[in-house]
Structure formats: structure tokens, C-alpha cells
Amino acid sequence: MTTTQDYRNQIENQWCPGCPNYGILTALERALVALGRAPHEVCLVSGIGQAAKLPHYLRCHAWNGLHGRAIPAAIGIHVANPALATIVTSGDGDLYGEGGNHLLHAFRRNPDITVIVHDNRIYALTKGQASPTTPRGEPTRLQFDGVEIDPAQMLATAVVHGCTFVARGFAGDLEGLSTLLARAIAHRGLSFVDVIQPCITWGKHPLAWYRERVVPVPAGHDAADRSAALGLALDSPDRFPVGVLYETAEKPVFAESYRARVGDGPLARLPRMERAAIEARLAAFVVNKD
Amino acid sequence: MDEQSVFIAGAAGEGIQTIGDVVARAFLAHGYPVFAVQEYESRIRGGNSSHRLRVASAPANAPRRDADVLLALNPEARDHYAPDLRAGGTLVASEAADERTIVVPFHDLAVEHGGSGLYANAVAAGALAAVLGLPIEIVVRTLTTAVARHGEAAVAGNASSAEAGFEAARTALGGRAPKPLPARENVYTFVSAHDVIPLAAAAAGCRFMSAYPMSPSTGIITAFARDPKLGVFVEQAEDEIAAIEMALGASAAGARAMTATSGGGFALMVESLSLAGMIETPIVVVLGQRPGPATGLPTRTAQEDLLFAIHAGHGETPRLVFAPADPQDAIQKTIRAFDLADRYQIPAIVLSDQFLADSRFSLPALSLPSEIPDAYLADPGTIDGEYRRYALTEDGVSPRLYLGQAENLVYLDSDEHTEEGHITEDVRVVRPSMVEKRLEKGRRLRGEIAPPSRNRDEDAETILLGWGSTKGAIDEAVVRLRGAGRRVGALHFTELWPLPEIAWRDDVDYWTVEGNATGQLARLLGSDGDLRIEGRIGRYDGLPLDATTIVEALA
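Heads up: the sequence lines are chains Z and S, in that order.
FYI, this note's numbering numbers position 171 of the first sequence as 171, with every residue one higher than the one before it.
FYI, this note's numbering numbers position 189 of the second sequence as 189, with every residue one higher than the one before it.
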């Protein structure tokens with residue numbers, strides 16, 4: 001049986017002591033254990049940034065690639081080896097800024113992967129510039145007089161673009177977050193979880209400020225109701241409903257039709273195209289005398 | 001027969017492709033080889049385009065700059081291409097330009113004999129048959145095969161229209177009408193390089209293709225999509241960055257993967273090429289060149305991206321750059337690109353261009369290489385202890401497992417990394433050893449590279465140096481210059497990076513011949529050896545290099 005020990009390695013963690021990223025790491029580890037996934041059945045995929053270092057701190061397969069490009073790489077990985085639970089874990093700057101276009105189209109594609117965004121509303125590794133989710137008016141180490149553009153509304157964008165699992169999590173709630181991540185990973189199709197992860201070095205508000213403003217998704221919320229989900233996704237800038245905002249199983253999963261043709265399993269194990277079949281196609285270019 | 005260069009000219013959407021296809025296939029069915037190249041504007045309707053056929057007794061797989069016969073579907077096309085018609089050549093058009101014009105009212109004859117103006121293309125094909133000495137029965141048979149699926153009325157309309165065009169042209173030719181060409185037994189494969197690259201990739205075991213549409217590379221992903229039985233997963237990505245990243249992800253998870261693009265899209269892929277080098281993950285990129293800079297001439301041809309392909313990417317890491325010369329060579333190079341990309345865990349770039357994409361060659365039967373090796377994946381059973389994806393080895397190549405292949409965990413990291421694949425800032429030992437590891441692969445790779453092909457260079461006083469798609473034009477120029485008493489030979493590069501070692505001679509004049517203005521091969525060879533280049537011949541107007549341009553430059 002898989003335990004949390006199986007996911008531990010000896011890699012030195014480079015995060016600031018006390019960073020809520022540790023909460024996401026622990027919650028993810030617990031979720032994977034709760035799902036009974038062994039480390040070799042999991043592939044973490046990230047871009048660049050402090051959050052994107054997470055794959056190094058969990059013992060499983062990992063791709064720590066380029067800034068902003070985790071999602072297309074994860075899609076390729078998942079298509080080639082669907083047995084892996086492919087989980088993108090990266091920051092808001094990486095996934096909403098540099099790689100925003102990929103996220104938008106991932107919502108449309110609905111690949112069976114999980115996207116966990118460590119949303120700290122700031123560029124931490126480059127020392128405190130605005131991220132796509134920094135609120136308007138907030139001063140930063142580059143936008144000295146305050147950010148002059150609106151923050152990205154990616155949860156709402158996810159709902160609008162047909163993402164099949166949309167959730168908000170809070171890094172300060174280990175129990176709630178691990179349950180939420182387990183649901184996200186188990187969901188068939190794209191699961192998108194924006195996790196509030198206050199930056200304790202560059203952020204404007206401490207963890208306690210967010211704790212006071214995090215509320216559970218209302219008890220009667222119907223996760224199949226897109227309009228209601230959109231309302232919760234937008235909500236007010238000082239109130240954060242946490243939980244599953246939207247979920248549906250009624251959309252084909254990316255690459256399903258291809259898989260129906262070639263069968264399951266890693267593409268590496270499929271037999272190569274028969275030589276004679278290729279030769280027949282080459283021979284079709286001969287112009288015969290008919 | 002005397003060689004014939006035929007330009008079929010008209011507006012986009014007017015049918016020059018159909019007419020060229022029918023006439024080319026009819027000649028091939030009659031036993032005569034045809035080389036066909038299209039040049040067109042970046043638009044869907046209107047403008048000036050031409051489909052150029054070169055028909056001869058023996059294959060002449062290179063473009064001709066001038067036309068012996070110009071068939072113009074409209075007056076603008078006639079005026080646009082008239083300067084290309086050689087003195088004494090034949091103009092075929094709906095209306096007379098001078099007393100020598102072969103007047104064939106394409107549209108009116110189609111209405112009269114076929115019952116619809118839609119058959120004007122058949123009239124034109126019939127007229128060309130008369131001018132070129134091609135028996136009309138062959139054209140009718142070819143047309144019938146082509147339109148059979150549209151029903152009997154279409155077959156009959158096409159046939160009677162083609163015959164009417166043939167008769168009208170014969171009448172107009174009068175005493176100039178050629179004798180019918182005898183049928184020959186010769187059989188040819190009529191094919192473009194981009195027709196075969198997808199098939200070669202599938203033969204090599206490619207299972208994943210993601211690309212963003214961009215001329216002249218779009219045909220490659222389209223061919224996979226049209227033929228689902230090839231078993232290749234096809235995805236149109238949101239941009240070229242996503243295209244190469246998806247393919248790299250798939251490759252890391254065990255699929256042989258590729259992408260295809262042109263200059264601008266390739267520019268977007270550059271960071272990911274560097275990534276492929278760093279994470280040592282194989283990928284094949286077809287770069288179909290077109291003239292730049294920026295958007296350039298989207299539907300024309302060039303060889304402007306040689307140095308870009310070799311150098312595209314930050315940092316220092318080995319890669320492979322091939323440039324096939326023709327469709328048969330494209331098969332070999334594509335399969336070799338997959339093989340060497342896998343063996344050395346590197347990116348491999350196959351340089352083609354619009355000319356190769358849109359030209360159909362007449363060739364002997366195509367063949368696959370006798371051996372197509374499998375991907376060089378490690379056997380997890382042979383791995384002792386913790387798996388190290390970047391284990392240091394003598395040749396720099398680490399045993400490769402794919403993501404999820406076994407219980408051994410695979411870490412791929414774009415940061416400088418340890419043998420295990422984890423971030424490191426150990427600048428004393430790990431960083432230098434990882435740089436050396438990657439570069440050692442490049443040194444070994446250089447030993448795999450084939451030298452340039454040789455054409456009558458032994459006794460040559462002048463040697464032409466070319467690469468990629470210009471081989472046909474250069475070889476033709478060698479024949480013509482030899483015929484004029486010049487001792488000319490050629491060396492032709494289709495494997496360009498790592499650069500093969502060459503013993504340069506000091507008793508010959510070397511001239512480079514390239515489809516660019518600055519002499520990229522000249523710069524590449526000059527920067528890596530003690531070669532002195534006597535002269536550079538370049539064509540950079542967007543049209544393919546032809547033998548006449550070379551012969552004139554050496555006059």
C-alpha cells in the first residue's frame with residue numbers, strides 16, 4: 001500500500017520557511033496516497049518559478065520544463081502515456097501570464113490532466129513584481145504606484161471555456177485542500193484548481209487575512225449549474241468561496257477518438273506501422289498505364 | 001521528344017492545378033517523365049499563379065526558368081508570364097495576342113461541347129495535348145479516371161470538352177502541329193517530398209504529430225490527418241510553442257514525435273529546441289523554408305534558414321540538421337532524423353522548402369531503408385539502484401527510460417541538473433561535467449554524418465557547392481557546362497550539421513550555389529575550415545534556383 005513515505009525524497013527544499021507552498025505539497029501528497037496512486041503512476045509537470053519547483057520535492061515522475069509551457073508538455077505526456085496521473089503544478093505567473101494561451105486552449109480540449117495553480121498574486125522568484133492576479137491598485141516592486149490593469153479572472157474563464165472541473169482551494173486548509181485535490185485528480189477530464197497561496201515574503205496580506213475571507217462554497221450550490229459557478233468564480237475581491245465551483249462529466253475527453261482507434265497503453269508499446277503498409281502507400285504514387 | 005517547358009498560368013482558383021495535373025498524368029501514363037512545380041500568391045482567389053511542367057524523354061527534375069509553351073487562362077496571366085515565353089514559343093489563349101497565338105476559346109468550347117463552362121479546364125488540357133503531341137485518348141482516359149466519382153455526365157462533359165480543345169488547337173496549329181508521340185513502356189513515381197515525409201515518419205515509428213498550420217509545411221500534418229490508419233496522433237496546436245512542447249512531452253513519455261513549421265513558427269520554437277537539448281529528449285522538426293524576413297513571401301521558396309536552424313537556441317547543445325535533395329532522399333533523411341534523434345537524445349531538424357513541398361518529381365520506385373531501428377529505450381531490468389536519467393557515460397548518452405515506462409522514476413529538468421535530474425547549482429563539478437556530457441554526444445554525432453555527394457569533381461577545375469533542394473538544378477548546370485567544355489563538378493550537402501569533415505583542395509575554384517542572398521553555406525563552410533570560396537551564386541527572388549541562373553553566373 002502506498003504511504004506518504006513513498007513520496008518523500010532527500011532533495012533540499014528551496015522555498016522560504018513557512019511558505020504556504022508547503023501546504024500544497026503536503027495536501028498533494030495526501031491526495032495521491034488517498035487515491036492509492038504509487039509514485040511511478042504519477043507525473044508532475046511544471047514550468048518556472050518558486051511553485052514550479054514542487055515536482056522536485058515529491059518522489060514521482062517529473063517534468064520541470066520551460067516558463068509557461070507546462071500545459072502543452074503535460075498534454076503530450078498524457079496522450080503518449082495515459083496510465084500516468086499527469087498533474088501540472090505551477091504558479092500564477094507561469095500558467096496565467098507566460099502560458100495563458102495554453103491554459104485557455106486546454107479548457108477547450110479537456111485533456112484528462114489536473115492543473116494546480118499556486119496563486120500567490122505576485123512574482124516571487126523575480127522579487128515582487130505584479131502577476132496576472134495582483135489586484136488593481138496594489139503597489140509592487142515594479143508597479144510602484146500600484147497596478148494599473150485588472151487582474152485575470154481565470155476561474156471564470158475556465159467556466160466560460162468549458163473546463164469540466166473548476167475549483168478554488170486554500171493552501172492554509174490542509175484537510176480541505178487534500179480532499180479537493182483528490183477529487184480533482186480523480187475527475188476524468190481537465191481539472192483546474194486555483195489555490196490561494198499567500199506569499200509571505202512579497203504578498204500584501206498575511207495568511208490570516210485570507211483565512212478570514214475564505215468561505216466554503218454555499219451548501220446548496222449545484223456544481224452542474226454553470227451560471228451559479230460563474231457567480232462564485234467572480235464573487236467579490238475580498239471573499240473567496242472555496243470548493244468545487246463547477247463539475248461535469250458530459251464532455252468528451254481529449255484524444256478519446258484516437259484512443260478508440262489505437263487502444264490503450266503507452267504509445268511506445270504499440271507495434272510500429274507495418275513496412276508493407278507504408279510501401280503500399282509509396283507505390284500509390286506510381287502513375288500506371290490504365 | 002524535344003524537352004518541353006509548359007507554363008499553365010491563371011488566377012488562383014481558375015484551375016491551373018487541375019489542368020497541370022491532368023496533362024502531367026497523361027504524359028506519365030504515356031511513358032514520359034514530368035517535373036511539375038507550382039508558384040502562386042498568398043491568396044485564395046485572383047492574382048497570378050503558374051503550374052509549370054517540364055516534360056522530356058528522361059527525367060529532368062529541376063525547374064526551368066523559361067517556357068516553350070504558355071497556356072494563359074486570362075489576359076492578365078498572359079501579360080504577366082509573356083516575358084517568360086522564349087522567342088518562338090507557343091502561346092495558347094482564349095484570344096489572340098498576335099498572329100502566332102493558338103486561339104482556343106476555353107469557356108465557349110466547354111459550353112458548346114460539354115454543356116457547361118465548368119469544363120473549360122478540360123478544353124485547356126485538350127489544347128495542350130495538341131500543342132505537345134500527346135494523343136488526346138490519353139488525356140481523355142486520365143480525365144475520366146480523375147472525374148469518375150462525379151458521375152457519367154461529368155465524364156462525358158470532360159471528354160467532349162477535351163476533344164473540342166484538342167481539335168481547336170490542331171486547327172489553329174495547322175502545319176505546326178506536332179506528330180503524335182509514341183507510347184513508351186517507362187513507368188514513373190510522381191511525387192513531392194512532402195508527400196513522403198509523413199509516410200517515412202510513420203515507417204520510423206512516429207506516433208505523435210502536433211503542428212500549427214503554416215505554408216509550406218501544412219501538408220505534412222494534413223497527410224497524417226487524412227490517413228488515420230497510419231496511427232499517428234494529430235493535433236493542431238494553438239501556436240508553434242505548444243506544437244513543439246506537446247511533441248516533446250509525448251516524446252518524453254515514449255512516443256516518437258515530430259512537428260513541422262516554417263521560419264516564423266520555427267522562431268517561436270527556438271526556446272523549446274534548447275529545452276530538447278537540455279532535457280535530452282528526441283524530437284524531429286521539419287522546417288519548410290520560405291523567404292523572410294518576418295512574413296516574407298509566404299508561398300514562395302528560399303534557402304534562408306540554414307544558419308538559423310543550426311544556431312537556433314540559447315546555450316550550447318548538439319543537434320542534427322539535414323536538408324534532403326528530393327523525395328527519395330526525404331524518405332532516407334526523415335527516417336535517419338528519427339533514428340539519430342533517438343540514439344543521441346537530441347533535436348533533429350529536416351530542412352525542406354516550398355519548392356520541395358510543391359514540386360513533383362518523376363522518379364524510379366520509392367524505397368524504404370532496409371533497416372529501421374527501434375527507439376533506443378533502456379531496459380528497466382538492467383538498471384541497478386536509483387535510476388539516473390542523466391547518468392554520466394563514456395559517450396555522453398544516458399540509458400533512457402520514458403515517463404511511466406517502469407517503476408524507475410524519471411526526472412526531466414530544464415535547469416542544470418544532477419545525474420538524477422534534479423536542480424543543481426554545483427558549479428564546481430556537476431555543471432562542467434553535464435556540459436561535457438552533452439557536447440560529447442555532438443562529437444560522436446559528427447562521426448555519423450555523411451559527406452557531401454560527389455558529381456564529377458575528380459577532374460574539375462570549378463566545383464559547385466550546394467545543399468538541399470537545389471541538387472537537380474546544380475546537376476543540370478554541371479551537364480550543360482561540361483557540354484560547353486568547362487571542367488565543372490559539384491559537391492552536394494544533405495547532412496549539414498554537425499558539419500562533416502572535408503579535405504578541401506587548393507587546385508580548384510569553389511563556388512557556392514544557394515537560394516539566399518548572403519551565402520549561408522559559404523559562411524558555414526568558411527567559418528569551420530580553411531576553405532576559400534571563389535564566388536557565390538544566389539537566387540533570392542522567391543523562385544527556385546534553376547540551371548540557367550548557375551550557367552549564366554559562371555559565364
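Don't take every hint at face value.
Lysine to any residue pairs mimicking SDA-like chemistry, simulated, CA-CA at most 25 Å apart [to be verified]: (1) Z:289 x S:363; (2) Z:127 x Z:208; (3) S:229 x Z:286.
Quick caveat, the hints were computed from the structure, so don't treat them as lab data.
Here is what the structure says about each hint:
Of the pairs offered as hints, the one joining residue 289 of chain Z and residue 363 of chain S holds, with about 16 Å between alpha carbons and a cut-off of 25 Å not exceeded. With a C-alpha separation of about 22 Å, the suggested pairing of residue 127 of chain Z with residue 208 of chain Z holds against the 25 Å cut-off. The straight-line distance between the Cα atoms of residue 229 of chain S and residue 286 of chain Z is roughly 21 Å, inside the 25 Å bound, and the hint therefore holds.
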